[in-house]
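*Asks:* Here are the chains, one letter per residue:
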Amino acid sequence: MQETVSKSTTDRTKAEFSPEEDKFSRVRTSSRRWIIAHLLAGPNKLIVIFVFLGTILSSLLGSGLMVLIGVAIDEFSDGIRTNLILYALLFFVFAVSSPLLSLLTSLTRENLAQRIEKDTRHEFYVSLLGKSQSFHESQRIGDIMARATNDVRMLNFMVSPGLSLLFEAVMRLIIPIMFVALFYPIELLTTPIIFTILFVVTLRGYTRKLDPVANQLRTEFGAMNAVLNETLSGIEVVKGSTTEYYELNRYFTNAKGYRDAFVEQGRIMAKYIPLLLIGLAITVALGHGILLYIEGRMTLGAIISYVGLISNLRFPTFISIWVFALIRLAISGADRLLDIMTKESEIDENLTGVEKTIEGKVVFENVSFAYPGSNKKVLENISLVVAPGQTVAIVGTTGSGKTTITKFLSRLYDPNEGRILIDNIDVKNWSLQSLRSQISYIEQDTFLFSDKISENISFGRTSSTEEIQRVAREAQADEFIEQLPQKYESEVGERGVQLSGGQRQRIAIARAFLTDPRILILDDSTSAIDSDTEDRIQKAMRRILYGRTTFLITHRLSQIRWADLILVMRKGQIIAKGSHDNLLRTSEEYRKIFVKRFNLDEEKLLEEEK
Amino acid sequence: MGFGIGLGAEEYDRSYRDRDLVRRVLAYFNPYKKLLLIVTAFLFAQSLVSALIPVLSREAILQLELAEDIEQQRLYIIFLILITLILNTLGWVFNYYRQTLSAIVIGDTVLDLRKDVNVSVLNHDMSFYDKYPTGKIVSRINTDSRDFGQTANQLSQTASSILLVGIMFGVMLLINVELTLIVLLLVPFIFIIALSFRKAARRLTLTGQRALAVVNAFVQESFTGIQIAKTFRQETKLFGKFKVVNKQSYEANLRRAYLLNIIFPALSTVQGIALALLIVFGGTATLDNNLTAADFYLFLQALQLFFFPLFTIASFWPSFQSGLSAAERIFALIDTPPAVKQNDEINARDIQGEIIFKDLDFSYVEGKDVLDKEKPSKKEKDTISGVKVFDGFSLNIKSGESLAIVGHTGAGKSSLAKLLARFYEYQSGDILVDGISIRNYNLKEYRQHVGIIHQVPFLWGDTLENNVKYAKAGATTDDVRWALEQAGGSDWVDDLPEGLNTNIRERGSLLSMGQRQLVALARVLLENPSILVLDEATASVDPFTETRIQDALEKTIKGRTSIIIAHRLWTVRHVDRIVVLDHGKIVEEGNHDELMANPDGVYAQLYNTYFRHQSLEYIERAVDLS
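The listed protein sequences correspond, in order, to chains H and S. In terms of the working numbering, the first sequence opens at residue 34 and continues consecutively. In terms of the working numbering, the second sequence opens at residue 205 and continues consecutively.
Please note that the accuracy of each hint is not assured.
Unchecked claim - Using C-beta positions, here's what the derived DEER-type ranges look like:
1) S/D780 <-> H/S416: 49 to 57 angstroms
2) S/M800 <-> H/D614: 45 to 53 angstroms
3) H/S612 <-> S/D780: 37 to 45 angstroms
These are computed hints drawn from the structure, not numbers from a lab. Cβ coordinates follow ideal geometry from the N, Cα and C atoms, glycine included.
Taking the hints into account, I'd like the entire structure generated from these sequences.
*Replies:* The following block contains the structure:
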């Protein structure tokens, strides 16, 4: 049964995680490529094309209107009356179809923008789920939040209104110039072409200056979010230490950093040269037109239309200030997303790895470990053999590496040296899904999600109410759950505040009964349970160890006595191992722990053992 | 949805009248009134320049039509072109100042707002934080305030648009009265169309902002609990929920975007109709020689310049809604009164530490200001407020006394400590310290005298040293060493990669649970409080370290009032007095020997059960227990 359960979850995970992973992972080398790949993915491509065509058409309509006005005015000045109604109709058609067209394009564009926001956030989230534990520990959650909500939103803004405004800007730059080329003396092209060249050159200078500020803006926002999130998460300590003012200052410093970047961005946007150029271009165009009129090569209407066309270049000039700021911010946002996504997840899913029911033999071979970016070894040269079904107790002082040692089994970390074998297979060769679904942790400080108690027990499995109640009973958790206002349907607060440490621990035990793991890790060094319930909890724990390989981090003598093997740890090394009786005789360290702990008479203890 | 991902209002959310909201928004811009006026003036000047250029072009072209004295005419044209050039340059300068200054106004206003809302959030008591997800609060403070900042742009744009519309209207009247009246007929339609979007815009924007806050909160929780999710292979479940949350945000924001995108095309259609009408009437007028071609051209240009600001004015109210809805969310957060309020500011610098709990009533729910719109049903409410932690609780603790509180889970031990630290408001009765109600002290000074060590230590993503001196910024490295030494030894510090300067990462995740507790303990010891509360402080450390802490504590509790909340009874044997709590009531009190004298007493039973677990006999039996 075990096998079928794990197998079906594996398939589900594969189906949901993999496709996205593959599609964009190759283009994550540069933010531009990645953004473009998203714009062109699947149906998005069609929307981009539609927005593009819609933009061309509405620009054509805009420029056409200008030409038409010129022609009409010329005719009216010449007293030609016949086409009056035709012009009015044409104008009406132009004037109504243009907004209609822009409505269509803007609606589809919005659709694309919101979808890109959704999809990139999705991709980011999936990528985060796949990261190793050591990665997560090195991240500030508030900054991750900023990336997942606000940086992703920058991509949305880039598409809408950014993208279509960009198209529109390009079109409204090219089309008026084309019209000038088609309808007017060729030398009138001089002004717009020189303008365009200068425009492109100065625009590049503008975006270059914008680049660092955009990065700074996004980074500052992330920092600001991180500080705020940390402060609010630790609010109890803030209040207890009366450091509200200090925290406020810390936030203010970051918010000020964001403000300064924002103002700097405003300054750069203000110093936008093309705006000066366009004024110059219009003036020169007017002069040039008049010159040609005097020479008799142009009509009055033609000058009006020509200057009108050149004035149309105002739009791309003006809008580029904003469009390129949006694009720059999106690229900075994308950089921040990719920065996380491309960080090599140290542990891969290994989907093709071994998938089978674990027997429970565990071997550590010369395992050493240091946290990333540090040379100091947290664990050194750990070797160990555990037979299937054995219970191993780990004791030692705080910081000796007791908890760390258990994290290699389900590959929350991988060791720097040495290897870990489960059933004689290196854990790296197991399918991560198969491995983790058969290994359970009951932690010191059990984290509960803001959800119902029943959900926190079943944790995504489709379990019947009876089943949940059964495991709660086995874990001795049913009694306090029944006392809650809504029993199993009661919501647990964000940080699980309404439940005590002991109650949370029992929820975790119930969870483990339900998952029925082959290897169990019980981190009980806290003993955060009160005495009267202890009896029953001990029973529950004893029952859960039965028939599986168990690692027990504990200092309760009663639990240690269950152990087939006891490891004594100090400063990342196993300094002694063996059975309780054996260790009492041979290990001074082991003796010391218990003698001091229980005020036991050392000699008496030894005597009794004999 | 059971997991708090709905789009409902928070309990503290409330609706403000638009008038009040606008007044408060304006109040935030008040300090920058002058700057904002200058911005508006520059914006106006800039628009005026763009409006003047076609007028000048017309003048130039009119000169061509006259064509009498060619020389003089040429000079005049050159003069006009020069003026155009100067105006254009001026336009650039105006734009420069406008953009720079408005960035400053927006930046500063948003900064002010963020500061204010942060101050009010930090003033809330713990009941607020128990209830509202941090991620959603963060979203309000950082994301909504940005939307708010945009209102500065809208305000100045609208102000300058009003001026511009007036001027263009005058220009049009000068050119031709009849044509202007035709245009005027269409203006009401523009306003009717734009204003009809107002309500929907507000509603959809609000939903969009909420949806994003939900995403923020969900991401926060996902990665706070990532380790547990990983070990239980719950990525799929989290992912499933994420998809719901993400899709919800997608749909909410798409609906909003759709709505806002309809406004401008709708308005442009009115403009199109105006244009067609003008061609008919204006064209006829030109043909009848009532209007020169140049005037007609100018009128058409003026019309464009008239409509654009008119649209800005008309759509001001709908687009201002996103700023208003952000403002509403932020002001609601600012206006929520904290449940814990001080009545006085009595100096608390020399607290001796005598504590009296007098007829105390307390339950976790009732203390909150319930401003709920979606009120829970009456029945539901009754069951919630039914959980009373204390009902007429009384206890006196002498200055310098060490008192242990023991009892079952849920007996109210931690609640007592939290009330003493003023984290929650009690409903009736009182807590007196040195004879003065704790409601009357200067809260900051008072809390400095109450040091609490929690069961689960919270540390900051900072260096070890800064974590220890968190509550006492002026402390030296020697002080930090001393505090760590007091807290049971600092030998482990040197095993860290950079000793005291090691960055221990967010929540102290680089350290083991036991080490984190040592740091939290040192942090409080450095603060040197006159009242020390240990809330199962040694529960997270191994017995070996616990012994070291115990030895250290025996020294430190001398001379201060200490409250030790414990379930491991052997840690409390040496205290002056032990109080046994059960369901918020004292069932026994006395010192260890006194309490043990009654073998049927709760304490004696607890103690015996506890020690039975540690006895060798029990341990041997445990081997067979299953």
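*Asks:* Next step is simple, just say for each hint if it's right about the structure.
*Replies:* To see whether the hints hold, each was checked on the structure:
Under the hint 49 to 57 angstroms, the C-beta atoms of S/D780 and H/S416, about 50 angstroms apart, fit the expected range. Separated by about 32 angstroms at the C-beta atoms, S/M800 and H/D614 break the suggested range of 45 to 53 angstroms. Between H/S612 and S/D780, the C-beta spacing of about 42 angstroms keeps the proposed range 37 to 45 angstroms intact.
Hint compliance for this structure: hint 2 is the single one not met.
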